[in-house]
Amino acid sequence: MNSFFERRYVIAGIFISIVFVLLVRLFYIQIIDQRYAIYANNNVRREIIHNAARGPILDRNGKVLVQNVPFYDIMVIPKQVKSFDTVEFCRLLGIDKAEFDKQWNKAIKYSPYLSSVFEKQLSITTYASLQERLSEFPGFYSATRYLRTYPDSVAAQFLGYIGEVLDRDIKRSNGYYHPGDYIGITGVEKSYETTLRGQRGVENLMVDSKGKPKGHYANGLYDTAAVAGQRLTSSLDINIQKLGEKLMQNKLGSIVAIEPSTGEILCYVSSPTYDPNLMVGRERGNNAAKLYANVYNPFFIRPIQAKYPPGSSFKPLSALIALQEGVITPTTSYYCPGYYYAGNQRIPCNKGESHGLVNLSSAVAKSCNGYFCMVFQKLLDHDGAKQTENTFINWRANVNKFGLGSKLGLDMPGEGRGNLPTPLHYDNIYKQGRWRSSTIISLAIGQGELEATPLQLANLECTIANHGYYYKPHLIKAIGAQNIIKKEYTERNYVGIDSQYFEPVINGMQAVVEDGTAIRSKIPGIIMCGKTGTAQNPHGEDHSVFVAFAPRVNPKIAIAVVVENSGEGAHWAAPIASFIVEKYLKGTISERESGITVDYYANANRLPDTALYLHHTMMKKKSKTNIPQKTQKDSVNKQLKGEKSVSRKNKKDTAAKVLAAQYLKKEEENE
Amino acid sequence: MSNYNSQRSFFFNVDWIMVFIYLALCTIGWFNIHAAVFDEKHPSIIDLNTNYGKQFMFIIISMTVGAFILLLETRVITALTPAFYGITLLLLMLVLVVGRNVGGNQAWISLGGGFRLQPSEFAKLTTCLLLARYLSGTNVKVTDLRSFGVALAIIGVPMFLIMLQPDMGSTLVFLSLVFVLYREGLSPYFLVIGFLFIALFISAILYPPLYVIAVIIGITLFLIFLFKRNKKLMVTLIAGLAICIAFVFSVKFIYNHVLQPHQKVRIDIMLGIKSDLRGKGYNVNQSKIAIGSGKLWGKGYLHGTQTKYAFVPEQSTDFIFCTVGEEWGFAGSVVVIGLYLFLVLRIIMVAERQRSPFSRVYGYGVASVIFFHVMINVGMTIGLVPVIGIPLPFISYGGSSLLSFTILLFILIKLDSNRMGIV
Chain A
1 MNSFFERRYV
11 IAGIFISIVF
21 VLLVRLFYIQ
31 IIDQRYAIYA
41 NNNVRREIIH
51 NAARGPILDR
61 NGKVLVQNVP
71 FYDIMVIPKQ
81 VKSFDTVEFC
91 RLLGIDKAEF
101 DKQWNKAIKY
111 SPYLSSVFEK
121 QLSITTYASL
131 QERLSEFPGF
141 YSATRYLRTY
151 PDSVAAQFLG
161 YIGEVLDRDI
171 KRSNGYYHPG
181 DYIGITGVEK
191 SYETTLRGQR
201 GVENLMVDSK
211 GKPKGHYANG
221 LYDTAAVAGQ
231 RLTSSLDINI
241 QKLGEKLMQN
251 KLGSIVAIEP
261 STGEILCYVS
271 SPTYDPNLMV
281 GRERGNNAAK
291 LYANVYNPFF
301 IRPIQAKYPP
311 GSSFKPLSAL
321 IALQEGVITP
331 TTSYYCPGYY
341 YAGNQRIPCN
351 KGESHGLVNL
361 SSAVAKSCNG
371 YFCMVFQKLL
381 DHDGAKQTEN
391 TFINWRANVN
401 KFGLGSKLGL
411 DMPGEGRGNL
421 PTPLHYDNIY
431 KQGRWRSSTI
441 ISLAIGQGEL
451 EATPLQLANL
461 ECTIANHGYY
471 YKPHLIKAIG
481 AQNIIKKEYT
491 ERNYVGIDSQ
501 YFEPVINGMQ
511 AVVEDGTAIR
521 SKIPGIIMCG
531 KTGTAQNPHG
541 EDHSVFVAFA
551 PRVNPKIAIA
561 VVVENSGEGA
571 HWAAPIASFI
581 VEKYLKGTIS
591 ERESGITVDY
601 YANANRLPDT
611 ALYLHHTMMK
621 KKSKTNIPQK
631 TQKDSVNKQL
641 KGEKSVSRKN
651 KKDTAAKVLA
661 AQYLKKEEEN
671 E
Chain B
672 MSNYNSQRSF
682 FFNVDWIMVF
692 IYLALCTIGW
702 FNIHAAVFDE
712 KHPSIIDLNT
722 NYGKQFMFII
732 ISMTVGAFIL
742 LLETRVITAL
752 TPAFYGITLL
762 LLMLVLVVGR
772 NVGGNQAWIS
782 LGGGFRLQPS
792 EFAKLTTCLL
802 LARYLSGTNV
812 KVTDLRSFGV
822 ALAIIGVPMF
832 LIMLQPDMGS
842 TLVFLSLVFV
852 LYREGLSPYF
862 LVIGFLFIAL
872 FISAILYPPL
882 YVIAVIIGIT
892 LFLIFLFKRN
902 KKLMVTLIAG
912 LAICIAFVFS
922 VKFIYNHVLQ
932 PHQKVRIDIM
942 LGIKSDLRGK
952 GYNVNQSKIA
962 IGSGKLWGKG
972 YLHGTQTKYA
982 FVPEQSTDFI
992 FCTVGEEWGF
1002 AGSVVVIGLY
1012 LFLVLRIIMV
1022 AERQRSPFSR
1032 VYGYGVASVI
1042 FFHVMINVGM
1052 TIGLVPVIGI
1062 PLPFISYGGS
1072 SLLSFTILLF
1082 ILIKLDSNRM
1092 GIV
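Line by line, the protein sequences are chains A and B. Quick note on numbering: the numbering used here labels position 389 of the first sequence as 389, and the sequence is numbered without any gaps. Quick note, the numbering used here runs 671 ahead of the 1-based positions in the second sequence.
Don't read these hints as lab results, they were simulated from the structure. In this text the structure is predicted, and so the values were computed from the model without any measurement. All residues carry an ideal CB built from backbone N, CA and C; glycine is no exception. Fair warning: there could be bad hints in the mix.
[Claimed, not checked] Taking lysine to aspartate or glutamate pairs in the EDC-like style, the calculated list, with each CA pair at most 20 Å apart, reads:
no. : chain 1 : residue 1 : chain 2 : residue 2
1   : A       : Lys386    : A       : Asp411
2   : A       : Lys214    : B       : Asp710
3   : B       : Lys725    : B       : Glu985
4   : A       : Lys214    : B       : Glu711
5   : A       : Lys79     : B       : Glu1023
6   : B       : Lys712    : A       : Asp208
7   : A       : Lys82     : B       : Glu711
[As the list claims (entries may be wrong)] In silico contact screen, one side only, chain A against chain B (beta carbon under 8 Å); selected entries:
no. : residue
8   : Ile16
9   : Leu22
10  : Lys214
Start from the sequences, fold in the hints, and give me the full structure.
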């Protein structure tokens, strides 16, 4: 004991005060503050989302068009990594040192203790060589992920592609999608998204700090199993699809073939196309950028988005309406001098050479412009010239019943309407009551403002083949293992033409192939009824169009082929159509009397000059604003309106581009 | 005769209270290590493949050593004190040359067979002993400048060597010996000034220097107003003000240029300037979650998810208190901290009953070192002090730590059992 004896109380007092501070703090975080219990729960309770396998898509005969393949992500927990042979590791992964450093720093920056993706989507071959050695690199492990794969690389525009969800998808889905989920962006992947995606399963696990499962939370009370997405059976026939894509390579245009008795689309070619596998995997961003840069725009779905004047392929329809309206009979004949005067307007026919005396069937077979101009004028003028507008409205309604000028309701996103002009359209150009049948005579031969999508043209052939009705065209014929068929696809849509009127028209169409314009495309042993067409193209060479169905009795296939910038229908579209039809009906392609071969057409290059094509695409957009104006006042309005629609179109284009850029950016970030 | 015999007895005069608290803390530690690093493959608590099995072995070894110390003559201990101190200094220098680098600190000497020695643990002990030996000398008074200087040197030399490792935690432990000096007569101003400087350090980091200085000037003016009659005090106050202002300015400099980046981050996290919950602040945050989720009664033995599933790093060593807090709740924490407080207060009581100044000074050294460890260790697990890697005495996993604390305590028990004799 010494004189500082009392100081022990000071020291004890300080110790007690500090302990008191510690206890108060403990009381606060253990008793008062409730957050930590929640955090602790969040730490160990891990919602493991089991993504349902996306449904596969088959062709009509059960051949796989798209399925899932496993890919492997390499994950890393930086704190668990021990020193290792970086060079060897990079070699196994197939990356360089710079890439390694980049990913490594990113992982550390995210968290040294939590796992993050180190390298994404290794192919099975890369992974196979890495897998055995992975144990040499503690801290790195693999996670499986399923991606789409397309064994035959066909029908890209039909299948579409999937991609990571965007923020707006997540917002719209009411919490179904989480960041990093995949969603159908185009094609069937988009339109059947809810069927294909299945139902995700949730597993509530207890995990340790490394995410290693340590058992089920609450003994699995809150767990649900994943339900795989349903299988879709498409109506496509992969054989003719492949043949179609081969024939259309290096050409712009499309092929649509439909089974008339069901409305099932057999062939859905859009050219140029792309390998759908390009839109999957690590190179996806780069590939997409390249495809977007392609001036011919492979993402433009020509069968449903492109619209062409049907040209002469419209003539059978004209004839049918006139027969139904009773203005002509099958025997109505007409002397063709090689031209036709509608008012003072001269319409050339057969390059100025006379067709002589033609009746309905031979007019179809010879594609006589004069005959159909005569029919059209009879139709529109039979109540007198003053009633032109009313009769036109009637005509328009009749045409519309065949599906022209409106969407057919295909089970794909992005379908266009084509164009069927309204009386208002002509009022705007010529003033109300100032236009007559002669003014709009070009409609008689499928030109002028009339425009149809290849799908609409093929559907038109179905209607003719069926003698007056069609089934809603569709690309998915059955859903799931039970092969459920939508009810709407089993209902007939009548077009209001009595079946007896079809025979004379079909006679003419048979003659087109037998000894008419498309004689070179005659298929041995099969009676094909068709019609060639030349779609006027003010911006370059005309588009080659051919529509047909076959065989004549009990038709199995109706087809529309458009080859852009390729002149007359008989030259390009008809032979291509004939190969598809024969391949579908016979399974093989026989030698033709005319000597045409698949190889010749497949190897031919009909691509327009890129610069010219770009220029014309711009012109097309511009020309929409240059419609002749009715009045000064209207012209102002119209101009505003026109510009608005152009700007809307531009906006759409821009939106698409922004979307593409967004995806690219997102993918870059994810890498 | 009987007196002589009982004096020769092993456990004559042993302070059983301290021994019991010691055993209680060791047992608590052992069970909590079991819970913290529980391994399903080796569930047995005495399985030597696991850390809890090893800790059991360390406890047995430590108790044997403790018993051996009770057998020693107290004279031997005092006589060998300078030698122990010298050996420790040599080891501290040796570790800088041949030491193994673990976690950025060159603090370990490998002994072979997987065992390692941490000289800094033993430096605390030998420094306490030498300090006691010196201060118990005749004509040595802490109030003398020369004696004070020597005492500071005894503390400072090992402290400096440990700082070179650099083991900041163990270095700071030596500061706790200021309590010993205070008890032996050091001016209370040292404690006040110490607290003042810690407060200034924290405010200078948290707030812009000019604000801090404005507040200090305000307080000084208020004090000058209060004591305006006392001219001498006013001079002191103004001088103190000048020093404080200089300190505030130098803090930023120290903070930016002297402290190592990881130390800066730890201070930032403690002060709430930075929250880096996935990185540097991860362990403190997880540790707080572990303790906080324990609530009043805890989750029960082996049911702590935070510690069992390895969310808290270093959960068996520096962060062992998380397991206590999580599995035994506030109740368990109070018991453990209460045991420590009781032990420390008991040591102070024991120290005061010594006739020999050597035993008393040593007793205060033991109390200060143990208390400082508990304060810093528990404080860092609940985010009150920056993360400084020092173990929780008797509870944390580790042979060196357990053994050195055991020797530290049992030398005191031995000295105390011999308190009637003259050393």
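Hints violated by the structure (numbers, ascending): Hints 1, 5, 7 contradicted; others consistent.
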